[in-house]
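K.L.:
Taken in order, these protein sequences are the chains called A and B.
Sequential numbering from 249 applies to the first sequence in the numbering used here.
Sequential numbering from 3 applies to the second sequence in the numbering used here.
Hint data in this document are derived by calculation from the structure and do not stem from the laboratory.
Please note: incorrect hints may appear among the correct ones.
Calculated lysine-lysine pairs in the DSBU-like style (CA-CA distance at most 35 Å, straight line) [to be verified]:
1) A/K316 to B/K251
2) B/K251 to A/K343
3) A/K355 to B/K191
Part of the chain A face toward chain B, derived, beta carbon under 7 Å [said to hold, decoys possible]:
4) G274
5) I277
6) G297
7) G318
8) E320
9) S351
10) S353
11) K355
12) V357
Derived list of chain B stretches under chain A, where covered just means 3 residues or more per stretch with a C-beta under 8 Å from a C-beta of chain A [as the list claims (entries may be wrong)]:
13) 82-92
14) 188-202
Note that this is a predicted model, so its numbers are computed, not measured.
Glycine is no exception: its CB is placed at the ideal position from the N, C-alpha and C atoms.
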Amino acid sequence: MRRNLSSILAVLAVVFFAGSAAAHHGTSITYEMDKTITVSGTVVEFDFGYPHPSLFFDVTDEKGQVVKWGAEFLPTPAALKNLGWTKETIKFNDKVVLGCHPSKSGKPVCALASISINGKPINVGGGPGVAPQRGAPAAAPATPAGGAQRGQRQ
Amino acid sequence: MKVITLFLILSVVALPAVVFGQNTKFDPHDLTGKWARNSNNQGFANVPETGRGNFPEAPFTPAGRAAYEKNYPGYGPRANATLRNDPMGSCDPLGIPRNLNAEVVSSHNWWEITSAPDRLIQFFEWHHDYRVIYTDGRKLPEVNAALDPKWNGYSVGRWEGDTFVVDSIGFDERTWLDKFGYPHTDEMKLQERYRRVDANTLELTMVLTDPQYYTKPFESDRKVFKLNALQFEKPWDEQIYCVPSEEQKFNRLIRDPASGK
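Given only the sequences and the hints, what does the whole structure look like? Please build it.
P.N.:
Now the structure itself:
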């Protein structure tokens with residue numbers, strides 16, 4: 249019971265602080281926070297650092313071209329560590345499926361809402377596979393064979 | 003019976019402290035400790051109803067308004083994704099007063115006060131920065147061309163009853179008052195008033211005078227800080243550090259392309 253309570257408080261803390269942690273970089277004016285797309289790819293690099301952890305991964309599009317993608321986590325490393333994350337949670341060559349808020353610029357960059365690593369959903373603050381922002385919807389079901397579905401409204 | 007009565011009395015007295023981890027005894031003249039902001043607002047002054055934003059109209063002079071309009075925050079009603087030039091976004095020093103009310107206090111970490119016989123020192127985690135407030139009776143230096151501005155200014159403190167009053171001058175004008183982009187000149191004078199209202203609560207109000215940019219004294223809202231109310235309790239502190247090379251990489255590979263900057 250105590251463990252459950254701690255987990256709930258940890259999740260609530262991450263949810264509560266996610267917005268303010270991202271605030272000075274202007275998250276809400278950079279990403280389409282009311283949209284969530286699904287992006288699948290292979291991990292190139294995971295930076296578990298401040299101000300926000302970043303994930304870089306290759307996505308193969310429908311033409312077979314590899315597109316370099318980047319995603320930022322909204323919680324800080326301290327918040328994610330409290331959920332059990334470490335710098336080893338995502339490794340080079342892992343297969344990832346992201347629920348992501350697309351950038352307003354249309355570039356292949358997004359703000360992470362949910363993630364599955366090698367087929368396993370990992371909590372990023374709002375429960376497994378659930379967006380950490382208050383009121384944000386969960387990501388769409390993962391695309392089975394990779395590729396990004398841009399502009400998919402949830 | 004006496005034992006039971008004694009047990010009940012002790013329970014009533016001790017239980018809240020055990021359950022909530024609170025101390026009830028405190029010295030109002032002891033400000034030392036780790037303080038995490040409890041009030042929601044991250045501006046120097048705020049619209050009370052919303053808890054966010056800033057005064058709709060600061061008492062700007064024309065020069066102050068012009069300086070304000072050259073600052074493009076990433077947050078608030080004037081947020082600008084492509085022109086944003088918040089010093090925090092490039093790991094530049096936050097200075098005072100922003101070190102006291104920035105989001106780094108709450109979500110990223112806290113600030114701490116420690117003391118020596120002749121001074122108080124405030125430590126700020128985000129930049130691993132510190133600021134000295136002299137309490138030995140010295141006078142502030144004269145503001146003139148020979149005085150080098152400092153990011154955190156020159157500060158002296160004194161007690162007025164149970165209120166610790168800090169007067170500061172000599173600030174570097176490259177810092178913002180807050181993340182909404184309110185400016186100041188190097189002639190700004192700032193007064194902070196700290197009051198420990200109970201064992202776990204520290205309150206702060208500020209007022210600045212800066213005649214070049216503000217037509218009258220510009221007052222902050224009341225900031226509230228809680229002792230040891232860290233976001234996540236751990237036996238060791240998290241190292242939370244703004245590293246310029248990491249921030250630059252984040253901006254170059256994530257934020258700038260995302261915003262079209």
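K.L.:
Tell me the hint numbers this structure goes against, listed in increasing order.
P.N.:
Violated: hints 3 and 14.
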